[in-house]
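Engineer: Generate coordinates for the entire structure from the input sequences, incorporating the hints supplied.
In case you want the letters, here they are:
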Amino acid sequence: MAHANDRLFDHQMAREFKLKKTRALVDKRMDLSDAVAQYVEDGDSLIETGFAYARGPMAAYWEIGRQKKQNLVGIYTPGGLNNLWHEFGGIEGAHVAYVGVEMRGLIAPFRRGVEAGTLKVFSDWSHGGLSASLRAAEQGMNYVASKSMLGSDVMKDNPYVKLGEDPWTGEPVCLIPAMYPDVAIFHVHHADKYGNGRVWGLSVNDTAIAIAAKKVVVTCERIVDTDDIRASAANVIIPWYCVDAVCEVPYGAWPGDMPGMYYFDRPLQEQVVRVDWKTPEATKAWVETNIYGTKNHYEMIQLAADEEGMNVLDYVKRLEQFACSAAYFGIGTWGTGGERDWKYEEVAKRAI
Amino acid sequence: MADEVQYTPRELLVVVASRLIQDGESVFVGTGLPLVGALLANHLHAPQMMAIYEGGSIGPEPTVLPWSVADSLTFCKAPIILSMSSTFGHSRAGYADIGFLGGAQVDMYGNMNATCIGPYDKPQVRLTGSGGANDMASLCQRIIFMGLHLPERFPEKVDYITSPGFLDGPGAREKAGLIGGGPWRVISHLGLMGFDEETCRMKLLSYHPGVTPEIIQQFTGFELLVDKDVEETRRPTEEELHVLRDVVDPNQLFVF
Numbered sequence: 001m002a003h004a005n006d007r008l009f010d011h012q013m014a015r016e017f018k019l020k021k022t023r024a025l026v027d028k029r030m031d032l033s034d035a036v037a038q039y040v041e042d043g044d045s046l047i048e049t050g051f052a053y054a055r056g057p058m059a060a061y062w063e064i065g066r067q068k069k070q071n072l073v074g075i076y077t078p079g080g081l082n083n084l085w086h087e088f089g090g091i092e093g094a095h096v097a098y099v100g101v102e103m104r105g106l107i108a109p110f111r112r113g114v115e116a117g118t119l120k121v122f123s124d125w126s127h128g129g130l131s132a133s134l135r136a137a138e139q140g141m142n143y144v145a146s147k148s149m150l151g152s153d154v155m156k157d158n159p160y161v162k163l164g165e166d167p168w169t170g171e172p173v174c175l176i177p178a179m180y181p182d183v184a185i186f187h188v189h190h191a192d193k194y195g196n197g198r199v200w201g202l203s204v205n206d207t208a209i210a211i212a213a214k215k216v217v218v219t220c221e222r223i224v225d226t227d228d229i230r231a232s233a234a235n236v237i238i239p240w241y242c243v244d245a246v247c248e249v250p251y252g253a254w255p256g257d258m259p260g261m262y263y264f265d266r267p268l269q270e271q272v273v274r275v276d277w278k279t280p281e282a283t284k285a286w287v288e289t290n291i292y293g294t295k296n297h298y299e300m301i302q303l304a305a306d307e308e309g310m311n312v313l314d315y316v317k318r319l320e321q322f323a324c325s326a327a328y329f330g331i332g333t334w335g336t337g338g339e340r341d342w343k344y345e346e347v348a349k350r351a352i
Numbered sequence: 001m002a003d004e005v006q007y008t009p010r011e012l013l014v015v016v017a018s019r020l021i022q023d024g025e026s027v028f029v030g031t032g033l034p035l036v037g038a039l040l041a042n043h044l045h046a047p048q049m050m051a052i053y054e055g056g057s058i059g060p061e062p063t064v065l066p067w068s069v070a071d072s073l074t075f076c077k078a079p080i081i082l083s084m085s086s087t088f089g090h091s092r093a094g095y096a097d098i099g100f101l102g103g104a105q106v107d108m109y110g111n112m113n114a115t116c117i118g119p120y121d122k123p124q125v126r127l128t129g130s131g132g133a134n135d136m137a138s139l140c141q142r143i144i145f146m147g148l149h150l151p152e153r154f155p156e157k158v159d160y161i162t163s164p165g166f167l168d169g170p171g172a173r174e175k176a177g178l179i180g181g182g183p184w185r186v187i188s189h190l191g192l193m194g195f196d197e198e199t200c201r202m203k204l205l206s207y208h209p210g211v212t213p214e215i216i217q218q219f220t221g222f223e224l225l226v227d228k229d230v231e232e233t234r235r236p237t238e239e240e241l242h243v244l245r246d247v248v249d250p251n252q253l254f255v256f
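In the order they appear, the protein sequences are chains A and B. Once you know that position 284 of the first sequence is 284 in the working numbering, the rest is easy, because the numbers rise by one and skip nothing. Once you know that position 227 of the second sequence is 227 in the working numbering, the rest is easy, because the numbers rise by one and skip nothing.
Don't read these hints as lab results, they were simulated from the structure. Beta carbons are placed, not taken as given, at the ideal position from N, Cα and C, and that holds for glycine. Worth double-checking, as some hints may not be accurate.
As the list claims (entries may be wrong) - Below, in silico cross-link-like pairs of lysine to any residue (SDA-like), each with a Cα-Cα straight-line distance of 25 Å or less:
#: 1; chain 1: A; residue 1: Lys156; chain 2: B; residue 2: Arg153
#: 2; chain 1: B; residue 1: Lys157; chain 2: A; residue 2: Pro159
#: 3; chain 1: A; residue 1: Lys295; chain 2: A; residue 2: Asn311
#: 4; chain 1: B; residue 1: Lys175; chain 2: B; residue 2: Arg142
#: 5; chain 1: A; residue 1: Lys284; chain 2: B; residue 2: Val125
#: 6; chain 1: B; residue 1: Lys77; chain 2: B; residue 2: Phe254
#: 7; chain 1: A; residue 1: Lys156; chain 2: B; residue 2: Asp121
#: 8; chain 1: B; residue 1: Lys122; chain 2: A; residue 2: Asn311
Said to hold, decoys possible - If you only want the chain B side, here are some residues facing chain A, beta carbon under 10 Å, derived:
#: 9; residue: Glu54
#: 10; residue: Gly55
#: 11; residue: Ala70
#: 12; residue: Phe75
#: 13; residue: Ser86
#: 14; residue: Lys122
#: 15; residue: Arg173
#: 16; residue: Ala176
#: 17; residue: Gln218
#: 18; residue: His242
Stated by the list, open to error - Covered stretches of chain A, as calculated for chain B (at least 3 residues, CB under 8 Å):
#: 19; segment: 113-121
#: 20; segment: 192-199
#: 21; segment: 260-269
Structural biologist: What follows is the structure, encoded as structure tokens:
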């Protein structure tokens, strides 16, 4: 089978794929483990969504590791937590605009892999360049002519972009082709069972990615009635017709930030970035315990709570306390329906 | 000396940075210390500063220092929330006055590196990559860079041009097709630098208390020009330090 990179910019193949998707409103709910098993295939290009560690589908990423997917190609604008899997055969290489955790520094497995040559960097981009590539796919353009990346080594070393000339003015432009990743997984606040995904806050690149990607899985904090979605559609960033699977995963962005609901699990992130993933041996031990040693996301959270000597509900409550108040977002609804009488804490309790 | 205000090098760096932002300007805010500097300016003398965050938020009113340039605090009370490609598009359109960023290296022409130390295809250290830095440096009107001042971090030529400064000298940005004005200020824990209009080379504008232009030269990997009006950097005031310590970063997440 062809390498993921050979189909990454193939707009015709991407279109053929999407022509076959159903447009009908069909119930796409399934377990996260089934969705990952079915839609993340070995050798796929997998693009990270949200802002990596802010509204990222972390539960799905851990599940990818748990299922020992092989030779994925990462696309990061930004991203990189999935890089962890390269030491377990999970990631072959990456297209990189940014991999890191800002002030907390670099993600050690990424750095180790690239420096050792075991993790390939297929291309470097700027955030603006890669987001324009995805936006081009969403807007139906073959490529865009940009003023980013000009004159830099990023443009020189990236094998996919080209220096061009504006046909009207003659000035130099960076030509950026539309990108079509194989699979994308999103985490949103609300989704209906058909896949319409609604968020509070930044879409980052998500709408563009949803249309650009061939296979799309949506995980959500809660499933709500489609009437609730239709009554407040302005914040819907993912439309049903591109979605293949919908999974209800409360705390699915943990240990990342889920706007208005829970904030970064800061102590845990510091521990992971600065200690647990510092060496290959430590990373292996961490994965054995936290990923292979757990059945699902909630057992992982339970482990983290045990580590702190805390009751798991107190543990997640603490993260909720730091969350920026939902009222700031001018939405003020937790959504309704989803075919059950829904209270956030109750579901979280049941899930955990 | 005993009754003088005490501060750390990082605090000075952030305070000097905040002074460069004028009220009413728009600032594309990079992660880390730039985030702190921009918020400090916002709380001190630039209440009408318009912050742009690459995740898609413009003009928020964060109550607490965000951990990330795209976390929920960056769009607290934001009047509009967009997407990543929009923020860069709006910068290109002309809505971003200042791009405020950090990185591992900056060279004599203000080129910045956040990609790798050593050769690109076999790096000694692989860094984060551009993120929004290249776009800010390409599209914003003026660039402020913040970094630690060491010879290997201020080399004559960066190992990798992640974000374009003046490239290889006068006229190079225009030739490459870049539209923004390029590097404007560099702030380190030793001094404040600008760029010579004719040669596009970095020059010292002010040296921080406790060091001299000669000392700064020793920590710089190229010949640093010195402005004819070079002076000592004004010390942080009690007001500046109070707002930084008690309002902007009370938990000392960044500045310690």
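Engineer: Now, for every hint given, state plainly whether the structure supports it.
Structural biologist: Okay, the hints, checked on the actual structure:
no.: 1; hint: A:Lys156 with B:Arg153; verdict: 23 Å, holds
no.: 2; hint: B:Lys157 with A:Pro159; verdict: 23 Å, holds
no.: 3; hint: A:Lys295 with A:Asn311; verdict: 19 Å, holds
no.: 4; hint: B:Lys175 with B:Arg142; verdict: 18 Å, holds
no.: 5; hint: A:Lys284 with B:Val125; verdict: 22 Å, holds
no.: 6; hint: B:Lys77 with B:Phe254; verdict: 23 Å, holds
no.: 7; hint: A:Lys156 with B:Asp121; verdict: 13 Å, holds
no.: 8; hint: B:Lys122 with A:Asn311; verdict: 47 Å, violated
no.: 9; hint: Glu54; verdict: 6 Å, holds
no.: 10; hint: Gly55; verdict: 4 Å, holds
no.: 11; hint: Ala70; verdict: 3 Å, holds
no.: 12; hint: Phe75; verdict: 5 Å, holds
no.: 13; hint: Ser86; verdict: 9 Å, holds
no.: 14; hint: Lys122; verdict: 7 Å, holds
no.: 15; hint: Arg173; verdict: 7 Å, holds
no.: 16; hint: Ala176; verdict: 3 Å, holds
no.: 17; hint: Gln218; verdict: 28 Å, violated
no.: 18; hint: His242; verdict: 23 Å, violated
no.: 19; hint: 113-121; verdict: holds (count 4)
no.: 20; hint: 192-199; verdict: violated (count 0)
no.: 21; hint: 260-269; verdict: holds (count 4)
Hint compliance for this structure: hints 8, 17, 18, 20 are not met, and every other hint is.
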